[in-house]
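Visitor: Chain by chain, the residues:
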Amino acid sequence: MSTVIQDSDSRLDLRQVSKRFAGDATARPVLDGIDLSIASGEFVSIVGASGCGKSTLLRLIAGLDGDFDGSIDFAGEPVRTTDLARGIVFQDHRLFPWLDVEQNIAIALKNARLSRDEKRRAVAEHIALVGLRGYEHHFPHQLSGGMAQRVAIARGLVNRPRLLLLDEPFGALDALTRARLQRELQRIWEHERITMVLVTHDVDEAVFLADRVVVMQARPGRIGKVIDVGLARPRDRSDARFVVLRDEILGELGQLQSDVAPSDVR
Amino acid sequence: MANGFARNFNPALDPGVHDARPLARASLLNAGRSAGWIALPWLLPAVCAALWSLGSRYGWISAQVLPPPSLVFDTLAGMVRSGELWMHVGASLSRVAVGFGAGVLLGLLLGGVLGLSRTAEAYVLPAFNAIVQVPVLGWLPFLMIVVGIGEPLKYILIAHAALVPVTLGTLQGFRQTPDAYREVARVFRFTRSQTIRSVILPAAVPVIGTSVRLAFTKAWLTLVVVELVASSEGLGYLIVYGRQLFQLDLVLASVLVVGAIGYLADRILTLLEARLQRGNPR
Amino acid sequence: MADSSLELEAGREVGIDQPAGRWRGWVLPLAALAVWWYVSRNASGTQGIMVSPAQVLHTAIAQAESGALWRAMSASLTRELTGFTIGTIAGLALGALLGVSKIASRAIGPSFNTFKQVSLFAWIPLISVWFGLGDVAKVVFLSLAALVPVVVHTNDGIRAVSPALLEVARVFRYSKWQTVAHVVLPAALPSLFTGIYLALIYSWLATLGAEYLLVAGSGIGNTLVDGSEQFRMDLVVFGVIVVGVTGWALNALARAVQRRWFTHAAQAARLTQ
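Protein chains in written order, with our numbering: chain F, 1 to 266; chain A, 1001 to 1282; chain U, 2001 to 2273.
If we strip away everything but chain F, and leave its shape as in the complex, we get (with noise of 0.2 Å):
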């Protein structure tokens, strides 16, 4: 069930993003000067504490924000705006509350260009891949949060897009459901294949899932340092180099909030 992709199917080069409130010309940018680069079917999560841009980036890359100066490419064309190929799940999952399961899926479909048959049998094969056969017919108030996020990645994955983007996807989760959707999301990525970027607060999440994780620091938001996550999967929280690699990753946080000079304190 997996699709083959190509070598430049899927990449995605950032080149000096960076980006400035409107209006806003004293404070410092909200980005600045990103530059990564992600290849085809790799697994990026970006990490780093709250206002340091991480969701913006991300909503760059979706196309939902077309200001910022540098470039974005995915699979060599430039981001301008949203595309069906870019895929993104929210943290409120912002499924449709008078949609069902089934209904709110099938939605992602309405401009693909499928048959209606094959529309069905995506939403089906979906509905299966995260877990929720027997719920089709229920409405997002009658599920819970895991759940509801549940359908939320599977309408992400059902246009078979080629970079699946997740922002904070399970932030607003408990620490059981959080867990037990972390592995779904492997198992997923491992099934699938595609692309994906994961934004998480969680360092933990980002070690566990991601092949490389991207640290980012605040005021500016720019790339702090880039670390390579050489595990195998599944991956266990408790090896030796698990931990080595997380608190390497704690300590570049830590350590970048000890760097706030006096002055930046108002």
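Incorrect hints may appear among the rest.
With a straight-line Cα cutoff of 20 Å, these simulated SDA-like cross-link-like pairs (lysine to any residue) come out [stated by the list, open to error]:
| id | chain 1 | residue 1 | chain 2 | residue 2 |
| --- | --- | --- | --- | --- |
| 1 | F | K119 | U | A2104 |
| 2 | U | K2176 | U | I2086 |
| 3 | F | K110 | U | A2181 |
If you only want the chain U side, here are some residues facing chain A, beta carbon under 7 Å, derived [what the hints assert, rightly or not]:
| id | residue |
| --- | --- |
| 4 | V2243 |
| 5 | V2257 |
| 6 | R2259 |
Because the hints were derived from the structure by calculation, they are not lab data.
C-beta atoms are modelled at their ideal positions from N, C-alpha and C, and glycine is treated no differently.
Starting from the known structure of chain F, fit chains A and U onto it as the hints suggest.
Guide: Chains A and U in isolation, oriented as in the chain F frame:
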């Protein structure tokens, strides 16, 4: 006011706002656009006023059907100067004051009793609900027989118009105190009256405030109708009088005053409501 | 919030939440009825005002049998439904325009807001000059009465659509039409319904007022006014009951529609806010 036309538009509906624009935009162009933006609300009224004036001047519209705006304003000014307008405004306002005041007070009382006592609610509310099903205007002919067409008719009808929403609002406000707050009162062993004074009442204020504002709108509306039907002074009377004599300038002037007063009163009540609701999240 | 405002504005029944003891609600009405009957029996002189329940019943039957009741009701209801329909359709169109286009909202909105400040009935005399005293004038007035709440609530509903959901539409590349049809409309539907509900109630109120003031023609309002002028209390009381029952029926109808189609949407919306 809840209906904020043009005060907050939804940028996501006009994605053009988001698309990348070079930051260096001719500031002159921006100024032009914002001047147009400021003037836009006046476009429609200006066009209408222009058409109206021209229509009257060139006789497309006969004065019988729609008198020229100049005449309307002259009439209005004349009435202001002669004091006639104030006499009628005073008559209308005093009726509303009495009726609205009585209706609100009674409504607060009734709603409060019904809201605090389940027994009272069980006995009274069904009957109240049944009476509410008859709109205020439905009682007009009935009351005309019982009390005639004098002042009491107006007072009673206006009071009724105000009483209904205030009762319902007070009732709701008292019933819908969040359980969370009630539990806090129990933890601190509040007596019944302490609970009412410190928890239930303050929490009910927003709903009551809204209902009072609504009650005024209905009271003013009722006043206008009653004065149109059965009155010998007041703004409604002026409208009917002008209509009968085909002095439409008088009619329009009075309609303007009716609208102005209604608007002013609503604004005042909205401000009061905002004051009361300081800090109250609902 | 929509629920509570409907109760306040439309005079909807506020529910009582105890299952047992429904009989207690009957005590007052029955007692009142008894008092009325007793007083009307013993009051001899005041023939006009004090009318007995039996007389009212008698009149009611006479009205129903002679067909006068049905004629009046059908005239009133036809006019109301005509005005309601016209006003609702126009209101949906105007409200949608104002909700979707910020230019239209800024150009037309303030004027509309000003217009709706004026108590609607104040326009009747003018309408009578332009349209006469008959059905046309009444329907024009009723359409206006229905139009106002529909415009207000349609506009509000559209503007209140969550930007989060609108972004989802952008992610899936919906055209403007698709966004309106598949996101804006469903999200705004509860508010739209509130507007239409109020339009129904307001146009019923307006029907009565219009019949009092534009006296040509027939209708239940005319029945009431005639009864009042002829000092026929029995007719007036009968009319009041009919008006009350009709109002209740309209409310019940709208409530049933809301329960069937809108509760789960309102429930869901409340939870996801």
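Visitor: If a hint holds in the structure, say so; if it does not, say that too.
Guide: Hints versus structure:
At roughly 38 Å between alpha-carbon atoms, F:K119 and U:A2104 are farther apart than 20 Å, so this suggested pair is violated. For the hint linking U:K2176 to U:I2086, the alpha-carbon distance of about 27 Å lies beyond 20 Å, and the restraint is violated. The straight-line distance between the Cα atoms of F:K110 and U:A2181 is roughly 12 Å, inside the 20 Å bound, and the hint therefore holds. For the restraint placing U:V2243 at the interface with chain A, the shortest Cβ-Cβ distance is roughly 4 Å, inside the 7 Å limit, so the hint holds.
Because the closest C-beta pair between U:V2257 and chain A is about 18 Å apart, greater than 7 Å, the hint is violated. The interface hint given for U:R2259 is violated, since its Cβ lies 18 Å from the closest Cβ of chain A, which is over the 7 Å cut-off.
When the structure is compared with the earlier hints, violations turn up for hints 1, 2, 5, 6 and for no others.
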